[in-house]
Every structure is written in C-alpha cells, then in structure tokens.
Amino acid sequence: KQEVTQIPAALSVPEGENLVLNCSFTDSAIYNLQWFRQDPGKGLTSLLLIQSSQREQTSGRLNASLDKSSGRSTLYIAASQPGDSATYLCATVAPGSQGNLIFGKGTKLSVKP
Amino acid sequence: SQTIHQWPATLVQPVGSPLSLECTVEGTSNPNLYWYRQAAGRGLQLLFYSVGIGQISSEVPQNLSASRPQDRQFILSSKKLLLSDSGFYLCAWKRRGTGFYGDTQYFGPGTRLTVL
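Respectively, the protein sequence lines represent chains A and B. Start counting the first sequence at 615; every next residue gets the next number (the numbering used here). Start counting the second sequence at 215; every next residue gets the next number (the numbering used here).
A couple of the hints might just be wrong.
As the list claims (entries may be wrong) - EDC-like cross-link-like pairs, simulated, lysine to aspartate or glutamate; straight-line CA separation at most 20 Å:
1) B:Lys293 - B:Glu240
2) A:Lys615 - A:Asp641
3) A:Lys719 - B:Glu240
4) A:Lys615 - A:Asp698
5) A:Lys726 - A:Glu631
6) A:Lys682 - A:Asp698
7) A:Lys719 - B:Glu273
8) A:Lys722 - A:Asp698
9) A:Lys722 - A:Glu631
10) A:Lys682 - B:Asp317
11) A:Lys615 - B:Glu273
12) A:Lys656 - B:Asp299
13) A:Lys656 - B:Asp285
14) B:Lys294 - B:Glu236
The set of hints was computed from the structure by calculation and includes no laboratory data. If you're wondering where the values come from, they're calculated on a predicted model, not measured in any experiment.
All chains, please: the whole structure from these sequences, using the hints.
Below, the structure written as structure tokens:
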C-alpha cells in the first residue's frame, strides 16, 4: 500500500530565502507525483505535476523534481515571499485506481516579512 | 472554463442528525468525481469516487454514503452523524479518458463540518 510522507510538518523562513520541501513515497510504481497548495480554510490548487517518465517540472519560482528509484520528490521555492505562506501537499496516483490520489499530510510553510 | 461548487461552505450539526453535502461541476462532461475528508492531523483521505452516474466506489468503510444522481452532481450523505465525522470535506473532479499520467484533479472550495 502506497504511503506518502512529508517532512518537515512545518517550516518558517525569512522572506527572500530559497527553500526545499520534501516528499517521499514507498512504492515507486506511480503514474505521477503532484504538488498542491492549500491556503487556510480553502480547497487545493494544483502547482506542478511530474509524470513518472519525467525528472522535473518548473513553474515560475517553483521547481519540482522526481526520483522514482529513491521514492523522493522535492519542491524548490526560490526567493520566497510572504504570499507563499500556505500548506504544501504532495500526492501520487495509485496504480490500478481511477486516478485516486494518495496524499502526504503536508508541510505548513510560513514566510516572515 | 470549468468550475466546481460545493455547498454549504460551513455546517454545524448535532450528533445523530442527517447530513447532505452537494458538489456540482460546470463546463465539462463525464468527469470522474471524488469526495475527500481532511481531518486534523490525519491528512486528506479519499472517501468515495465515481466514474459515472450511479457508479460509486467506497474507499473507507464508515457511516457516510455518496450518490451521483446526475453526470455533474455528487452528493455526500449520512443518516446519523458521529463526532468523528467532523472535518473539512473536499470534492474534486478529473477529466475522464485522459489517462492517469498527465492530468490532475481539480478541487472545490470545501465544506467545513463540525459535529457537536
């Protein structure tokens, strides 16, 4: 059974710092690895999706990498801003499912001005 | 463009009362639909998914049920709420037929349920 873990559970950084969020998964047989952002009391917004055949994806100041063999993904945020403060969730699609996502518990990021 | 709606936004219900949460999607046809629950300290948990009208699959045994009476409508229900049903309920949709490698799920704004 696939398990997704995110470390750390919470992270506080000063504005302008570059940071890395970590995600690990137990079963390397994944279709993709996805990163979402969740603001307090809100739904999820998709940030990046890395297909199993890809190594990384970039969107603006965000870069996500995928290493299937080691069961790890990282989300790199460059030049962090207070508006980046949110909970970041990673998820994988379970093989044999109907696209069902398995989520980590998230990393709560706080960027201090 | 596609839009997903959930209502109500917040709900406070006594233990033992019934529940009905509604989710509707606009701007797409034949979507896969999903219900998730986010409880404190437990992360997002898939409750139900549907690949078509009247087709419901349950991921976690519980006192909740789901129905899909129309193509773009997904309802989460309970006959008698428990304290443990409190949480943030999210509905999501995914395009059907696009495979599972490159397409993501799109989430609604959520319903905050508090059972007292």
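Evaluation of the provided hints:
1. B:Lys293 - B:Glu240: The given pair, whose Cα atoms are some 28 Å apart, is violated under the 20 Å limit.
2. A:Lys615 - A:Asp641: Answer holds: Lys615 of chain A to Asp641 of chain A is near 8 Å, not above 20 Å.
3. A:Lys719 - B:Glu240: violated (29 Å)
4. A:Lys615 - A:Asp698: At roughly 32 Å apart (the allowed maximum being 20 Å), Asp698 of chain A and Lys615 of chain A break the hint.
5. A:Lys726 - A:Glu631: holds (10 Å)
6. A:Lys682 - A:Asp698: Status violated; Cα separation ~27 Å.
7. A:Lys719 - B:Glu273: holds (18 Å)
8. A:Lys722 - A:Asp698: Holds - the C-alpha atoms of Asp698 of chain A and Lys722 of chain A are around 10 Å apart, at most 20 Å.
9. A:Lys722 - A:Glu631: OK: Lys722 of chain A and Glu631 of chain A at ~16 Å, within 20 Å.
10. A:Lys682 - B:Asp317: holds (19 Å)
11. A:Lys615 - B:Glu273: At roughly 13 Å apart (the allowed maximum being 20 Å), Glu273 of chain B and Lys615 of chain A satisfy the hint.
12. A:Lys656 - B:Asp299: Status holds; Cα separation ~19 Å.
13. A:Lys656 - B:Asp285: Roughly 25 Å separates the two Cα atoms, so the pair is violated.
14. B:Lys294 - B:Glu236: holds (17 Å)
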